[in-house]
Amino acid sequence: MLNCDHPPLAKLIKALKDLDLEAKCALHRLERMPHEGKELRKRLRRQRIDEEMAR
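So for the sequence shown, UniProt numbering puts the first residue at 1; every next one is plus one.
Incorrect hints may have been included.
Capping the alpha-carbon separation at 30 Å, the derived lysine-lysine pairs in DSSO-like fashion look like this [stated by the list, open to error]:
1. Lys38 x Lys17
2. Lys24 x Lys11
3. Lys38 x Lys14
4. Lys42 x Lys17
5. Lys24 x Lys42
6. Lys14 x Lys24
7. Lys24 x Lys38
If you are wondering where the hints come from, they were derived from the structure by calculation, not from laboratory data.
Computed from a prediction, not measured in an experiment: that's the story for all the values here.
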């Protein structure tokens, strides 16, 4: 997402707004189609979170 250690505040705000929009869209989709969600095992979920945090 952000490829530097200390990005400008404007880039941080834009990145947070993009993440917020993505989360809202995902939540809205799950509310509209609750049976479309994916079931993840704990280990796989933890692994994916770790991968995203490493970015």
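request  = Below or equal to 30 Å on CA atoms is what counts here, so check Lys14 against Lys24.
outcome  = Cα-Cα ~15 Å, so holds.
ask   = Taking 30 Å as the top limit, are the C-alpha atoms of Lys24 and Lys38 close enough?
value = Roughly 17 Å between the alpha carbons, so the hint for Lys24 and Lys38 holds.
message = Holds or violated: Lys24 and Lys42, Cα atoms, limit 30 Å.
response = holds, 23 Å
message = Just to be careful, I want the Cα atoms of Lys42 and Lys17 compared with a cutoff of 30 Å; is the pair within it?
response = holds, 28 Å
message = With the threshold set at 30 Å, check whether the alpha-carbon distance from Lys38 to Lys17 stays at or below it.
response = holds, 25 Å
task = Starting from Lys38, check that the Cα of Lys14 is at most 30 Å away, please.
result = The hint holds at about 28 Å.
query = For the pair supplied as a hint, Lys24 and Lys11, is the alpha-carbon distance within the 30 Å limit?
reply = This hinted pair holds, its Cα atoms lying about 20 Å apart.
Hint compliance for this structure: no hint is broken.
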